[in-house]
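*Asks:* Just so you know, the sequences run in chain order A and B.
Here the first sequence is numbered in this note's numbering, starting from 582 and rising by one per residue.
Here the second sequence is numbered in this note's numbering, starting from 298 and rising by one per residue.
None of these hints come from the bench; they were simulated from the model.
Heads up, some of the hints might be wrong.
[Stated by the list, open to error] With a straight-line cut-off of 20 Å between C-alpha atoms, the simulated PhoX-like cross-links for lysine-lysine are:
#1 702/A / 671/A
#2 315/B / 872/A
#3 317/B / 872/A
#4 872/A / 855/A
#5 872/A / 859/A
[As the list claims (entries may be wrong)] For the chain B half of the interface with chain A, some residues (derived, Cβ under 7 Å), not all of them:
#6 363
#7 367
#8 368
#9 371
#10 372
#11 375
#12 380
#13 388
For glycine and all other residues, C-beta sits at the position ideal for the given N, C-alpha and C.
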Amino acid sequence: MSQARLKDAIASLTDTAARLSHLSQRSYQNPYTVLDWPTAVEPEQEWFSSPELLSLYGTPLWQGLDERTRRRLAFHEAANFYSLNIHGEKSLMQGLAARLYRRDLAEVADYLHHFLDEENKHSIFFGGFCTRYARVYRTRQIAGTQTRPRDVEDFLFFAKTMIFEEIADRYNWIQGRDIRLHQVARFINNNHHFEESRHLIFGRQLVAALWSACAPDWDGAQLADVRGELEQFFVASWREYYNPDVYADVGLDDPWGVAELAWAEPSQREHRRKVSSKCGHFLITTGILTKEPTDAF
Amino acid sequence: MRSEKEIRETLRSWVLSKAKNLHGSVPGNSAPDHGAPDDGAPDHGAPDDGAPDDGALTDSTPLFEERRLRSLHLPELLLLLERLRGEPIDVDDLRPGDFRDIDTLVSRFCGVGVTA
Chain A
582 MSQARLKDAI ASLTDTAARL SHLSQRSYQN PYTVLDWPTA VEPEQEWFSS PELLSLYGTP
642 LWQGLDERTR RRLAFHEAAN FYSLNIHGEK SLMQGLAARL YRRDLAEVAD YLHHFLDEEN
702 KHSIFFGGFC TRYARVYRTR QIAGTQTRPR DVEDFLFFAK TMIFEEIADR YNWIQGRDIR
762 LHQVARFINN NHHFEESRHL IFGRQLVAAL WSACAPDWDG AQLADVRGEL EQFFVASWRE
822 YYNPDVYADV GLDDPWGVAE LAWAEPSQRE HRRKVSSKCG HFLITTGILT KEPTDAF
Chain B
298 MRSEKEIRET LRSWVLSKAK NLHGSVPGNS APDHGAPDDG APDHGAPDDG APDDGALTDS
358 TPLFEERRLR SLHLPELLLL LERLRGEPID VDDLRPGDFR DIDTLVSRFC GVGVTA
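The task is simple: from the sequences and hints, build the whole structure.
*Replies:* Have a look at this one:
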């Protein structure tokens, strides 16, 4: 890989990183004081997720659920959404920490500090909800043992981070503004969206810069591997939104069958395509992907 | 409760749907011919789209070691295994090699032996 191209790519981010660092300092918050947690919540009385975003919405199963069960599903899916964010942010924090002050990324180290700090704070909110009122749902994503060249690992790390955050941000954006939701759920979503907007700007610029710097040196097999990995990452990320453990907690029979039915339902496939469209468009227009990640839809 | 034959056929069909360069067992293959899945899955004959052919899938074909599948396929595979056995799998209890091949998956997660 051309070190000069990578150096130029990182240098192109320094102004953005400085501006974002300034904004992060200005909105620095204490996660232990900024939110008053109620002693208890009533999952069957209040909405904790927007019903239109639920994994069973628009399916025949949804029609068969009474109002209390729909709200209970919304509560457990809120905990699942926060849980998948916790797991995603754990991997993200590990990756950011590993790259802090690495010589070739030193020019953005200040902003990586903020990125890391803010991800940890988000997890405090997500974990605060799950441990007080519900539980932290497990992830089925398991770290792979395959190793790739460092430039490929860097690119995939930041590209996956961007995909994960862009999907979650759409949920945050909608739910942070949904006045039907319990105030704690609105706060967590709105706060996350506010903070993530900086990460998304940084993520897109960095992914595009790394791609321009690294991809010209990759052969056809490497490019196919990178593209295949990102396409499958869409699938793995979306699969976590259809969690049989949630359906079991809600009291639905055959939770794995429910997950398969919901995943394959045309209205849900369209929902995933719609939520993924901005991110997918970015990946295609930059040439990173050559087609829509259709296996996820 | 599904039979071991059903479990193996479902797993083979799933692997073939994800590992694009593998195809179903062919006559003359030294590995046992487990027959084609009968669940309406697409025909998984040898690839004819110019993609590299990694050969025929058998129940001892290494799935991850030779990169026919990616670690990012594991969430889907775990969901399928949980569905087949009807109970959750403790992901904290997983060991390297648990997903080596279909024989291993069947014996490790579905509580049955390695012979069909």
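*Asks:* Taking 20 Å as the top limit, are the C-alpha atoms of residue 872/A and residue 855/A close enough?
*Replies:* Since the Cα atoms of residue 872/A and residue 855/A sit roughly 15 Å apart, the hinted pair holds (cutoff 20 Å).
*Asks:* Does the interface hint hold: is residue 372/B within less than 7 Å of chain A, judged Cβ to Cβ?
*Replies:* 4 Å, holds
*Asks:* With 7 Å as the cut and Cβ atoms as the points, is residue 367/B at the interface with chain A?
*Replies:* It holds, given that the least Cβ distance between residue 367/B and chain A is near 6 Å, below 7 Å.
*Asks:* Mind checking the alpha carbons of residue 872/A and residue 859/A for me, to see if they're no more than 20 Å apart?
*Replies:* At roughly 13 Å apart (the allowed maximum being 20 Å), residue 859/A and residue 872/A satisfy the hint.
*Asks:* Given residue 380/B was flagged as interface, is its beta-carbon under 7 Å from a beta-carbon of chain A?
*Replies:* 4 Å, holds
*Asks:* For the hint on residue 363/B, just tell me whether its beta-carbon gets within less than 7 Å of chain A.
*Replies:* At 11 Å from the nearest chain A Cβ, residue 363/B fails the 7 Å test, so the hint is violated.
*Asks:* How about residue 388/B: closest beta carbon in chain A under 7 Å, or not?
*Replies:* Holds. Min distance 6 Å.
*Asks:* Take the shortest C-beta to C-beta distance between residue 368/B and chain A; is it under 7 Å?
*Replies:* Holds. Min distance 3 Å.
*Asks:* CA of residue 702/A to CA of residue 671/A, is that 20 Å or under?
*Replies:* 11 Å, holds
*Asks:* Is the straight-line distance between the alpha-carbon of residue 315/B and that of residue 872/A 20 Å or less?
*Replies:* Given pair residue 315/B, residue 872/A holds - Cα atoms ~17 Å apart, limit 20 Å.
*Asks:* Holds or violated: are the alpha carbons of residue 317/B and residue 872/A at most 20 Å from each other?
*Replies:* Answer holds: residue 317/B to residue 872/A is near 17 Å, not above 20 Å.
*Asks:* Against chain A, is residue 375/B within 7 Å by beta-carbon distance?
*Replies:* Holds. Min distance 5 Å.
In terms of the numbered hints stated before, the structure departs from hint 6 and from no other.
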